[in-house]
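Asks: Read top to bottom, the protein sequences are chains R and V.
FYI, the working numbering numbers position 127 of the first sequence as 127, with every residue one higher than the one before it.
FYI, the working numbering numbers position 121 of the second sequence as 652, with every residue one higher than the one before it.
There's no promise every hint is true.
27 Å max Cα-Cα, derived BS3-like pairs, lysine-lysine [what the hints assert, rightly or not]:
1) Lys-80(R) <-> Lys-745(V)
2) Lys-429(R) <-> Lys-580(V)
3) Lys-134(R) <-> Lys-79(R)
4) Lys-580(V) <-> Lys-383(R)
5) Lys-79(R) <-> Lys-580(V)
6) Lys-35(R) <-> Lys-80(R)
7) Lys-620(V) <-> Lys-752(V)
8) Lys-85(R) <-> Lys-745(V)
9) Lys-35(R) <-> Lys-745(V)
10) Lys-35(R) <-> Lys-818(V)
11) Lys-121(R) <-> Lys-80(R)
12) Lys-134(R) <-> Lys-85(R)
13) Lys-121(R) <-> Lys-219(R)
14) Lys-752(V) <-> Lys-80(R)
15) Lys-383(R) <-> Lys-291(R)
16) Lys-219(R) <-> Lys-185(R)
17) Lys-121(R) <-> Lys-134(R)
18) Lys-85(R) <-> Lys-35(R)
19) Lys-331(R) <-> Lys-620(V)
20) Lys-843(V) <-> Lys-85(R)
21) Lys-818(V) <-> Lys-331(R)
22) Lys-418(R) <-> Lys-429(R)
23) Lys-418(R) <-> Lys-580(V)
24) Lys-620(V) <-> Lys-79(R)
25) Lys-35(R) <-> Lys-79(R)
If the Cβ cut is set under 10 Å, some of the chain R residues that face chain V in the computed set are [what the hints assert, rightly or not]:
26) Leu-73
27) Phe-280
28) Thr-281
29) Thr-282
30) Phe-284
31) Thr-288
32) Arg-334
FYI, nobody ran anything at the bench for these hints, they're computed from the structure.
A virtual CB, placed ideally from N, CA and C, is assigned to each residue, including glycine.
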Amino acid sequence: MSDQSAAVAAEAAQELAATKYTSHARTWSPGFIAKLILMAMVTAGCVYGVFMAIAAESWVIAGVSVLILAILLYVYFSKKAIPAKYLVPGMIFLFIFQIYVMGYTAFVAFTNQGGAHSADKEDAIVMLQQYNLKADPSGGSYTYSIFDDGGDYSVAIVNSDGDALVGSDGEAFTPTDNAEISNGKVTKLDGNDPVSPPNNATSWEIPLSEDDPSQGVLKIVTLNNAQVYQSSLSYDEATDTMTNTETGTVYHDNGEGSYESDSGETLSPGWWVMVGFDNFTTLFTDSTMSKGFLDSLWWTFAFAFLSVATTFFFGLILAIVFNHPHIRGQKIYRVLLILPYAFPGFMTPLIWKAMMNTDFGFINQTLFGGATIGWLDGPWIAKFSILFVNLWLGYPYMFLVTTGALQSLPGDILESAKVDGASTFQTFKAITLPLVFVACAPLLISSFAFNFNNFTLIYMLTGGGPNPVSNPNVPGQTDILISMVYKVSGLDGSGQQNYGLATALSIIIFVLVGLISIYSFRRTRSLEDMG
Amino acid sequence: MSNTSSTSSATMDTDLTAATEAVKTHEREIADAKTKAIANKPSMGHWWKEMGWRHVVGILMTIYAVFPIVFAINLALIPNATSLAGSSKLFQVISLENFRHLWNETSFPNWLVNTLIVGTITAIGTVLMGGAAAYAFSRFRFTGRRVTLTSLLVIQMFPQMLAFVAIFLLVRALGNVFPFLGMNSLWQMICIYLGGALGVNTFLMYGFFNTVPKEIDEAAKIDGATHAQIFWTIVLRLVAPILAVVALLSFISSFGEYILAKVVLQLPDSQTLAVGLYGFTSDPQTKYWGYFAAGSVIAAAPVMALFLYLQKYIVSGLTVGAVKG
């Protein structure tokens, strides 16, 4: 290291002496020009972001963009704040995608956000009216024509006064002068011929008036005919109620993010509201959820502990076996033994899943002579299989670190134990094991923390199954907490989305991980004192 | 010595030489015998007790370690893509059909390119941002330094993926404003991975930066170098090994990351290898094990080669902190 450093330093010094740099902030050096170009690009990006955010009325994003721009401009054009020049880029990413999302997780945990409660109330009212459209016979029907303007379709109709109107999906009809009309139908628009309706034409909703929503929207019903639709729900702002115009049922805001009728019927979609500790209460009191939660809680701890214990002892034994000074082919063994560690982690469980297949898998067919053992089908055998696969995944790491620890053991202690007549096993138990354990303790704790959230292994190998109930939101018998969060969130697309409950569970994991870390800090310090 | 008394000095000299020779030969014989005795003394039994069983363990362990990988190759070469039937007989059929289908009829080439783009840019970004942060912590003393370091130590304990629901909601909101940073955006994926980069790698790099003597910086400073020149031309070159390790670890971790990639990248053509290959085995109707295995073989080969090539550095990095994601 020192030779190399000296050489580099000398080289750099020569370069400097040759060019006589002062400070590139004051001269037009290539570095300064590069910085200017980069900063110009970043500024342009941020300004663009601010305008986009303002256009979308997203004030938080606009504010954050302005803030980021201000920080960057200050830090990189100020002559002070030198450490900040090096910290700011990473910190910005860290703040948004790690710290902010953690805080946001805590916030969502106290709401009922999810599939049925995803928007805010204002949007939910608009959506409710849009989703409950009914054909309005009094509004009449129109003969329409569709024109293709390079992928953007527009719809033209002729109103009762004989004037041509043009609109498109989501954009209200406006009068046009560039249309040719014959037989109450627009035959040419801007000189173009009409086209046949595209596949999604029936999903279009074209408001009849930009200013007056009560006129309803036009929907394409058949090849020739478009019909006026009106929402069957009308919203009364004064009383904050929704009324079904057909049945007369009145729906009130029930305080839980939905409109509810007196008979208990709710309208979907709703909007999200703060629900206090409801999500946490559900985890502990709802009978199916709390059973699933407590089961995966103990299994998470058991899995993490047993994973560390099995891989550590297996790795240590192998390290002792191959730590003999005169063994031939030590290097080759070493490379072959750490192959599982080099194999991409997400593929391993899947390969083992293929080998553990009940009917055609290699383990049943070849090793067990055609048996049909369901390695991943029973609650206990699946847990065993998970630990077995994790042994393959995890032992190389332990082999590497324990080999390192063994090689740094003080030789004189082992020597004197031998002189005193200790047996190999006694030496192992009284000297080797405790010393290696102390040396590896911090790594064992971080390995525990890693396995505590080893989503990939569980999800890829068993998917949390076998499942005691067929509800895709309820955890299976090998789900650990993090894979349970994934199930409850419904983001895999199989079940009902419930972000509030999922984030509440994430918060519990955060707390547990925090406790493990505090323990780890204390423990490591005390172990160091011991060593 | 020779037994006959000497008559002339000339003969005596010859005798002496001969005698010395004889003694030397004898000594050599004894030495040879001793070596042989040591080597053969307890015969096979002792060799077995001392060495042989270790090789037996070694061979068994090699089979255990290598077999699943061999099995993956076997599975990839069986032309029946949708079933595991026949996979238990090794190398009965050898066909490249899976590879052909995978390449021509699935989104695999897209996944490969996406993974390379995300992995490479994330690795470069991680090295630059982590290196810059480590440089600041190692070389400057500023207010808030200790607090920031401690906070990083605390933050790095909470894996980013725990917040995947919030990340999903954030990406959805960002996508409404900036479509190129919304769902299915590789740029957004890179941003998310970079957000987790600083917490994980700063400490590893910080420790390594501290081993570069400060005197070098100071000498350069006296010669008129700016802090930026010291960083780019001196310090970064001296810490090159740790930069390589961090880049590789970052590449491997984004290569294998599933949950965030699954949540953000939803269109088939925008996905990464982890999400796409898993999809082959989790389709509710047909499980394309053959395609999965063929894809795994293609994707794993370069990663494993790189890993084994750099294993010396990685092992030294590992002992600093547990870092495999």
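Asks: Next, verify each hint and record whether it holds.
Replies: Results of checking the hints against the structure:
1. About 21 Å separates the Cα atoms of Lys-80(R) and Lys-745(V), which keeps this hinted pair within 27 Å; it holds.
2. Between Lys-429(R) and Lys-580(V), the direct Cα distance comes to roughly 21 Å. Compliance with the 27 Å bound is thereby established for this hinted pair.
3. A hinted pair counts as satisfied when its Cα atoms are at most 27 Å apart, and Lys-134(R) with Lys-79(R) does not qualify at roughly 66 Å.
4. Restraint check for Lys-580(V) and Lys-383(R): the C-alpha separation of about 37 Å exceeds 27 Å, so the hint is violated.
5. Of the pairs offered as hints, the one joining Lys-79(R) and Lys-580(V) is violated, with about 71 Å between alpha carbons and a cut-off of 27 Å exceeded.
6. The suggested pairing of Lys-35(R) with Lys-80(R) holds, with an alpha-carbon distance near 16 Å, which does not exceed 27 Å.
7. Distance check on the hinted pair: Lys-620(V) and Lys-752(V) sit about 67 Å apart at the alpha-carbon level, beyond 27 Å; violated.
8. Straight-line distance between C-alpha atoms of Lys-85(R) and Lys-745(V) comes to about 20 Å, which keeps the hinted pair within the 27 Å bound.
9. Distance check on the hinted pair: Lys-35(R) and Lys-745(V) sit about 26 Å apart at the alpha-carbon level, within 27 Å; holds.
10. Taking the CA atoms of Lys-35(R) and Lys-818(V), the gap is about 52 Å. The hint is violated against a cut of 27 Å.
11. About 47 Å separates the Cα atoms of Lys-121(R) and Lys-80(R), which puts this hinted pair outside 27 Å; it is violated.
12. Taking the CA atoms of Lys-134(R) and Lys-85(R), the gap is about 60 Å. The hint is violated against a cut of 27 Å.
13. For the proposed pair Lys-121(R) and Lys-219(R), the alpha carbon gap of about 26 Å is at most 27 Å, so the pair holds.
14. Between Lys-752(V) and Lys-80(R) the alpha-carbon distance is near 17 Å, which keeps this suggested pair within the 27 Å criterion.
15. Between the alpha carbons of Lys-383(R) and Lys-291(R) the distance comes to roughly 18 Å, so the proposed pair stays at or under 27 Å and holds.
16. A distance of roughly 17 Å separates the Cα atoms of Lys-219(R) and Lys-185(R); the hinted pair therefore holds under the 27 Å criterion.
17. Using a Cα cut-off of 27 Å, the hinted pair Lys-121(R) and Lys-134(R) holds, with the two alpha carbons roughly 22 Å apart.
18. Straight-line distance between C-alpha atoms of Lys-85(R) and Lys-35(R) comes to about 12 Å, which keeps the hinted pair within the 27 Å bound.
19. Between the alpha carbons of Lys-331(R) and Lys-620(V) the distance comes to roughly 31 Å, so the proposed pair goes past 27 Å and is violated.
20. Restraint check for Lys-843(V) and Lys-85(R): not satisfied, since their Cα atoms lie roughly 33 Å apart, outside the 27 Å limit.
21. A distance of roughly 39 Å separates the Cα atoms of Lys-818(V) and Lys-331(R); the hinted pair therefore is violated under the 27 Å criterion.
22. A C-alpha spacing of about 13 Å is found between Lys-418(R) and Lys-429(R), which places the hinted pair at or below 27 Å, so the restraint holds.
23. For the hint linking Lys-418(R) to Lys-580(V), the alpha-carbon distance of about 18 Å falls within 27 Å, and the restraint holds.
24. In summary, the hint linking Lys-620(V) to Lys-79(R) is not supported, as the alpha carbons are separated by about 70 Å, beyond the 27 Å threshold.
25. Proximity of Lys-35(R) to Lys-79(R) is assessed by CA-CA distance (about 14 Å); at most 27 Å being required, the pair is judged to hold.
26. At about 18 Å, the closest approach between the beta carbon of Leu-73(R) and any beta carbon in chain V exceeds 10 Å, and the interface hint on this residue is violated.
27. Checking Phe-280(R) against chain V by beta carbon gives a least distance of about 15 Å; that is not within 10 Å, so the hint is violated.
28. Violation of the interface hint for Thr-281(R) is found here, the shortest Cβ-Cβ separation to chain V being roughly 19 Å, above the 10 Å cut-off.
29. Because the closest C-beta pair between Thr-282(R) and chain V is about 16 Å apart, greater than 10 Å, the hint is violated.
30. Evaluation of the Phe-284(R) hint against chain V yields a violated restraint, the C-beta minimum of about 20 Å exceeding 10 Å.
31. Taking 10 Å as the C-beta cut-off, the interface hint given for Thr-288(R) is violated, the closest approach to chain V being about 21 Å.
32. At about 9 Å, the closest approach between the beta carbon of Arg-334(R) and any beta carbon in chain V falls short of 10 Å, and the interface hint on this residue holds.
The structure fails hints 3, 4, 5, 7, 10, 11, 12, 19, 20, 21, 24, 26, 27, 28, 29, 30, 31 (numbered hints given earlier, in ascending order).
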